[in-house]
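**Student:** In case you want the letters, here they are:
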Amino acid sequence: MQIRRFDAIVVGAGGSGMRAALELARSNLKVAVLSKVFPTRSHTVAAQGGIAAPLANSTEDNWHWHMYDTVKGADYLGDQDAIEYMCRRAVEVVVELEHMGMPFDRIENGKIYQRPFGGHTQSYGSPKMAMRACAAADRTGHAMLHTLYQQNVRANTQFFVEWMALDVILDPQDGACVGVVALEMETGEISILQAKATLLATGGAGRIYWATTNAFINTGDGLGMVARAGLPLEDMEFWQFHPTGVAGAGILITEGVRGEGGYLLNKSGERFMERYAPNNKDLASRDVVSRAMTTEIKEGRGCGPHGDYLELKLSHLPPEDIIKRLPGIREIAIKFANADPIRDHIPVVPTVHYQMGGIPTNYMGQVVVPEGASKEAIVPGLYAAGECACVSVHGANRLGTNSLLDLLVFGKSSGEQVIKDMRGQPAPHRTLPKGAGDATRVRLARLDSASSGERVVDVLNDLRRTMQAHCGVFRFPDDLVSGVKKVTEIAERASRIFIADKSKVFNTARVEALELENLVETAMATIISAEARKESRGAQARADFPERDDKGWMKHTLWYKEGNRLDYKPVHQKPLSVETMEPKVRTY
Amino acid sequence: MKLSIYRYDPDKDEKPYMQDYEVALDAADRMLLDALVKAKAQDDSLSFRRSCREGVCGSDAININGKNGLACVTKVAELPGHVTLRPLPGLPVIRDLIVDMTQFFKQYHSIKPYVINTDPPPERERLQSPQERDELNGLYECILCACCSTACPSFWWNPDKFVGPAGLLQAYRFIADTRDQATAERLDNLEDPYRLFRCHSIMNCVDACPKNLNPTRAIGKIKEIMVRRAV
Numbered sequence: 356m357q358i359r360r361f362d363a364i365v366v367g368a369g370g371s372g373m374r375a376a377l378e379l380a381r382s383n384l385k386v387a388v389l390s391k392v393f394p395t396r397s398h399t400v401a402a403q404g405g406i407a408a409p410l411a412n413s414t415e416d417n418w419h420w421h422m423y424d425t426v427k428g429a430d431y432l433g434d435q436d437a438i439e440y441m442c443r444r445a446v447e448v449v450v451e452l453e454h455m456g457m458p459f460d461r462i463e464n465g466k467i468y469q470r471p472f473g474g475h476t477q478s479y480g481s482p483k484m485a486m487r488a489c490a491a492a493d494r495t496g497h498a499m500l501h502t503l504y505q506q507n508v509r510a511n512t513q514f515f516v517e518w519m520a521l522d523v524i525l526d527p528q529d530g531a532c533v534g535v536v537a538l539e540m541e542t543g544e545i546s547i548l549q550a551k552a553t554l555l556a557t558g559g560a561g562r563i564y565w566a567t568t569n570a571f572i573n574t575g576d577g578l579g580m581v582a583r584a585g586l587p588l589e590d591m592e593f594w595q596f597h598p599t600g601v602a603g604a605g606i607l608i609t610e611g612v613r614g615e616g617g618y619l620l621n622k623s624g625e626r627f628m629e630r631y632a633p634n635n636k637d638l639a640s641r642d643v644v645s646r647a648m649t650t651e652i653k654e655g656r657g658c659g660p661h662g663d664y665l666e667l668k669l670s671h672l673p674p675e676d677i678i679k680r681l682p683g684i685r686e687i688a689i690k691f692a693n694a695d696p697i698r699d700h701i702p703v704v705p706t707v708h709y710q711m712g713g714i715p716t717n718y719m720g721q722v723v724v725p726e727g728a729s730k731e732a733i734v735p736g737l738y739a740a741g742e743c744a745c746v747s748v749h750g751a752n753r754l755g756t757n758s759l760l761d762l763l764v765f766g767k768s769s770g771e772q773v774i775k776d777m778r779g780q781p782a783p784h785r786t787l788p789k790g791a792g793d794a795t796r797v798r799l800a801r802l803d804s805a806s807s808g809e810r811v812v813d814v815l816n817d818l819r820r821t822m823q824a825h826c827g828v829f830r831f832p833d834d835l836v837s838g839v840k841k842v843t844e845i846a847e848r849a850s851r852i853f854i855a856d857k858s859k860v861f862n863t864a865r866v867e868a869l870e871l872e873n874l875v876e877t878a879m880a881t882i883i884s885a886e887a888r889k890e891s892r893g894a895q896a897r898a899d900f901p902e903r904d905d906k907g908w909m910k911h912t913l914w915y916k917e918g919n920r921l922d923y924k925p926v927h928q929k930p931l932s933v934e935t936m937e938p939k940v941r942t943y
Numbered sequence: 024m025k026l027s028i029y030r031y032d033p034d035k036d037e038k039p040y041m042q043d044y045e046v047a048l049d050a051a052d053r054m055l056l057d058a059l060v061k062a063k064a065q066d067d068s069l070s071f072r073r074s075c076r077e078g079v080c081g082s083d084a085i086n087i088n089g090k091n092g093l094a095c096v097t098k099v100a101e102l103p104g105h106v107t108l109r110p111l112p113g114l115p116v117i118r119d120l121i122v123d124m125t126q127f128f129k130q131y132h133s134i135k136p137y138v139i140n141t142d143p144p145p146e147r148e149r150l151q152s153p154q155e156r157d158e159l160n161g162l163y164e165c166i167l168c169a170c171c172s173t174a175c176p177s178f179w180w181n182p183d184k185f186v187g188p189a190g191l192l193q194a195y196r197f198i199a200d201t202r203d204q205a206t207a208e209r210l211d212n213l214e215d216p217y218r219l220f221r222c223h224s225i226m227n228c229v230d231a232c233p234k235n236l237n238p239t240r241a242i243g244k245i246k247e248i249m250v251r252r253a254v
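Residue numbers (the working numbering), protein chains in the order written: chain A, 356 to 943; chain S, 24 to 254.
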C-alpha cells in the first residue's frame, strides 16, 4: 500500500469540507481534500431555500431570536452552547460568503434578499415570522457550493477527486486518528493517507430510506468509518422528514415555497395546517408539518386516486414571483410531477431529508467520546463537520436553512481548530500502527474473491424498504422491535455480498458494495436508537409514548457498533453567555 | 425499453463495443437514469456516474441518441423504444460512459472562476442592486456537466486551446458581476486566436444545455466588450 503524508486531510468536498479547506489554505499546512465525486457534485448542491443569518435586512432580527428558534426547533435536545456559537457566527460567515462572490438575490437597497422559513420567528416564537433565510433564488446550495469550490480553486487546494475514504486509522496506543485508507476509483488502488488531523465531512446517509430527497452518494461513509473504528454515533434516531418531497419521485421542493406564501391543501381543498399550528401554520417546524400531513393521509384526507399525497399550492402567487424566486422548483415540478406551479398544485409527501444525528463533536469540530470519567473526551486528530457530525445544534429536529449555516460555521471552526491543534506539534508524522489498513484490505479481498452470495442491489433495496416501513414519521413499538430484527438480518446478509465486476478500473459495483456497508451501520444505529428511546421528541414520534419526557430522556443517545451497545450523555443546557432556555411545551 | 450502451473496460477490452440491454420499466421509472440503474441491476459492471438524480449536480451527462443530455432529467416517455447511449464526445473514455473531464475543468479553471476584488472587505455585504444581480441570471446556474463543451466542434478540435462554451459562460459571469474588478485582466486572458475567438456561433452549446443556458449569447457579449475596448 502506498503511503502519502499530509498535515491534514479533509474527507468530503461539500459545503463543510470545502469551507474547512479554505480555512486550512490560509495556513502553511499541507492539506489534501478527498472526495468520491467532483466537488461541485456534492449534495450541498441540492439545497434550495436559503441560509439562516439574522442580518435583519427586511425584518427586525438578532441572534438571540435565532438561537431561541433553534433551541425550540430542536425540541430542547440541542446543545445550547453550540447553538449560541452557531447563531452568533451566522452573520460573519454569510457576509464572508457574499464577499467570496456568492450570487445572493438582492433587495432594493442592495442588501441580501431574505425570506421567511419554517420555525424562524421574531421575538422568541411570536406568530410573526422573521425574514432570516438568505437566498439565491431557490438554488442557494448550488450557488454556495460553486462559490466555495471557486475559492478553493483560487487557493490552490489539493483535491483528490474520485477518491473514496474507506476507513479511519486509529493508533491503539492513545486512540488518536492518524489518517485514512482510501480507494482511488479510477485505478482501483488502495493507499494510506497519513495525517496529523483528519476531518470527516462526508455528509448524510438519507439513502437508508426508500423515499428520500438525498442523492445516490449520501451513504453515510463517515458514519460507517467511525462505527467500524469502535467510536459511537450520536442521536441517530432523529431523521428529518421534509414535508414537501415530490410524491413518488422524492425530489425536494423547498420550504421556501411556503416562505414565499405557498400552502398545503388536503383533498377537500382545506388549508389543514391552520388546525395543527394556528400561529405559524405552514411555516411550523418540519417535524410538526410532516406529522400533520401523515395524519391527514392516514385519516383519509389525502389527495389523488389513492389518497396518498397532499397538494402544495402556489398558483395564487404572481407568476413573475414564481419565475424569479422559485425557478428551480418550477423546473422540478414540471419535470417530475407534470405540474406547472403557476397553475397546478404540486403533489407532495413527507420525505426523508436530513440526519440530525451523527459523529459526536463539540463546536470546534473535535470528535468527543466517553472515556473514563468523561462523557466527552477528545479523540486526538479526529474532527467532523457538516451533516455527518452531531454537534449538536439540530437536536431532535433541524430548522430549514440552519443546515447550510451549520456547514459554514462548523466547517470554519473545525478548520480553525485543526490549525490551532497543529501548532507546537512535532514536525514528523508518528509511525503508523502495526497492521494499519489490514482490516480494509481484508474487506476488499473478500469482495474481490467472492464469486457468489447476496447481490448488493437486493440487500440495499431490502434495507431501504425496511427502514421506510419500520422507522417513519410515526413510530410504533411492534414495528421498531421487528425492524431491529430485520435490519440485523439484512446486516448479516450484507456480510455475504458479492460483485460480478472484478475490474480495477472505475469499478462502481465495488464502490456501491462499500457504500452498502456504511448504510447498514447507519440503519442499525438508527433503528436500535429509535427503539430504545421511549418518548416522542422532535422527529421521533412514538405512538406508545406520545409525550416528551424531559426527566427520563433529555439526553443524547450514543450507539456503538460493538454489540449494538447504547450509552447516553447529558444535553448541554448551558449556553456560552446567555441564560438557559428552559424546555417548554412546543407549539407553533 | 431497449438500451444500446457503449462499453469499454481498459482492464479487459481491446476495443469498445456496443451492448444491448432490455429493461422492464414500471410507473416509477420516469427518467432515463432510472432505466440505467435497472440495467446496472442486471449487470453490475455497467459503469456510469450519477448523484443527485434531479439535474443539479451535473454527474450523469451522456450522449443520448446522438444528443448530449442529463440521464436524470431525460424522460423515457419522450424517447423512442430503442435508445443508444455513448459517453460525451471528444473526451477520453475512462470506462463505459465515464469520461476523463480533466481538460474540461482545466479550461474552466483557466478563466479564474472567482470574484476578484482587491478592496478591503467591508464589515457587511457588498451592495448590489437587484438589476445588477439580475445580470448573473442565466450564468451562475451552470452545473459544469460539460454537455455544451462536448457538443462543440471547436472544442473537439482544440480542447487544449479553446476555453469552450462552459468556461466562457463563466468568464462572462464574472465580468458581469459588479463586485468583480478584474474585467481588463479577464479580457486580456481571452484575447488570442483560440481561447475565445474559436467560437463560430455554431450554437450546439445552446441546444445541448440541460439548464437552458445560452453560452453563445454570453460569448457574444464578451466579444462585444472586447470590441468596445479596442475602439
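For the record, the hints were derived by calculation from the structure and aren't laboratory data.
Source: prediction; values computed, not measured.
Note that CB positions come from ideal geometry on N, CA and C, so glycine has one too.
Check before you lean on any hint, since a few could be wrong.
Claimed, not checked - Below, in silico cross-link-like pairs of lysine to any residue (SDA-like), each with a Cα-Cα straight-line distance of 20 Å or less: (1) LYS135/S - ARG941/A; (2) LYS35/S - GLY530/A; (3) LYS61/S - ASP34/S; (4) LYS234/S - ASN412/A; (5) LYS857/A - PRO33/S; (6) LYS129/S - LYS789/A; (7) LYS466/A - LYS129/S; (8) LYS857/A - PRO39/S; (9) LYS466/A - GLN154/S; (10) LYS653/A - SER858/A; (11) LYS889/A - ARG941/A; (12) LYS789/A - VAL508/A; (13) LYS135/S - LYS690/A; (14) LYS929/A - ALA732/A; (15) LYS690/A - LYS98/S.
As the list claims (entries may be wrong) - Partner residues are not named here, just some residues of chain A that face chain S (Cβ under 8 Å, in silico): (16) LYS466; (17) ARG494; (18) ALA498; (19) PHE571; (20) ILE572; (21) ALA782; (22) PRO783; (23) HIS784; (24) LEU787; (25) VAL797; (26) ARG798; (27) VAL926; (28) SER932; (29) PRO938.
**Student:** Next, verify each hint and record whether it holds.
**Tutor:** Each hint, compared with the structure:
no. : hint                : verdict
1   : LYS135/S - ARG941/A : 49 Å, violated
2   : LYS35/S - GLY530/A  : 42 Å, violated
3   : LYS61/S - ASP34/S   : 24 Å, violated
4   : LYS234/S - ASN412/A : 31 Å, violated
5   : LYS857/A - PRO33/S  : 12 Å, holds
6   : LYS129/S - LYS789/A : 40 Å, violated
7   : LYS466/A - LYS129/S : 34 Å, violated
8   : LYS857/A - PRO39/S  : 18 Å, holds
9   : LYS466/A - GLN154/S : 12 Å, holds
10  : LYS653/A - SER858/A : 48 Å, violated
11  : LYS889/A - ARG941/A : 18 Å, holds
12  : LYS789/A - VAL508/A : 37 Å, violated
13  : LYS135/S - LYS690/A : 34 Å, violated
14  : LYS929/A - ALA732/A : 19 Å, holds
15  : LYS690/A - LYS98/S  : 8 Å, holds
16  : LYS466              : 6 Å, holds
17  : ARG494              : 6 Å, holds
18  : ALA498              : 6 Å, holds
19  : PHE571              : 5 Å, holds
20  : ILE572              : 5 Å, holds
21  : ALA782              : 32 Å, violated
22  : PRO783              : 34 Å, violated
23  : HIS784              : 30 Å, violated
24  : LEU787              : 30 Å, violated
25  : VAL797              : 22 Å, violated
26  : ARG798              : 18 Å, violated
27  : VAL926              : 34 Å, violated
28  : SER932              : 22 Å, violated
29  : PRO938              : 35 Å, violated
Hints 1, 2, 3, 4, 6, 7, 10, 12, 13, 21, 22, 23, 24, 25, 26, 27, 28 and 29 from the list above are not met by this structure, while the remaining hints are.
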